[in-house]
Amino acid sequence: NGILANEMGLGKTIEAIAFLAHLYQEGDGGPHLIVVPASTLDNWVREVHLWCPELDILLYYGSQDRKLLRMDIMNKVVDFNVIITTY
1 NGILANEMGL
11 GKTIEAIAFL
21 AHLYQEGDGG
31 PHLIVVPAST
41 LDNWVREVHL
51 WCPELDILLY
61 YGSQDRKLLR
71 MDIMNKVVDF
81 NVIITTY
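Counting from 1, position 49 in the sequence shown corresponds to residue 49 in the numbering used here; the numbering is continuous, with no gaps.
No wet-lab data here; the hints were simulated from the structure.
The beta-carbon is built from N, C-alpha and C at its ideal position, and this holds for glycine as well.
Any given hint might turn out to be false.
To be verified - The following label-pair restraints were derived from C-beta to C-beta distances:
#1 H22 - G62: 28 to 36 Å
#2 E7 - D56: 29 to 37 Å
#3 E7 - G27: 20 to 28 Å
#4 D28 - H49: 18 to 26 Å
Could you build the full structure based on these sequences and the hints that come with them?
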């Protein structure tokens, strides 16, 4: 478990992605949870695809269709290494 709470612009996104890439290379494919402000969801998805394209990402946020996705997640119907959501 960990929390990165540095100030804006100090590289939290890249640092977290590098850590996830390390875990993946060591055989820990997750799933891992990343919780970010809603305004940064798209940036996180873009950065993970850029820096660690081998990770499968599930973007989860509060729209009605995503609530249905919850059952698929619990029943392990969807396959992902990282779930990115907001609070």
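Going down the list of hints, with the structure as the test:
At roughly 31 Å, the beta-carbon separation of H22 and G62 lies within the given 28 to 36 Å, and the hint holds. The hinted range of 29 to 37 Å is satisfied by E7 and D56, whose Cβ atoms lie roughly 30 Å apart. A C-beta distance of roughly 33 Å is found between E7 and G27, which places it outside the suggested range of 20 to 28 Å. A beta carbon spacing of about 20 Å between D28 and H49 agrees with the range 18 to 26 Å that was offered as a hint.
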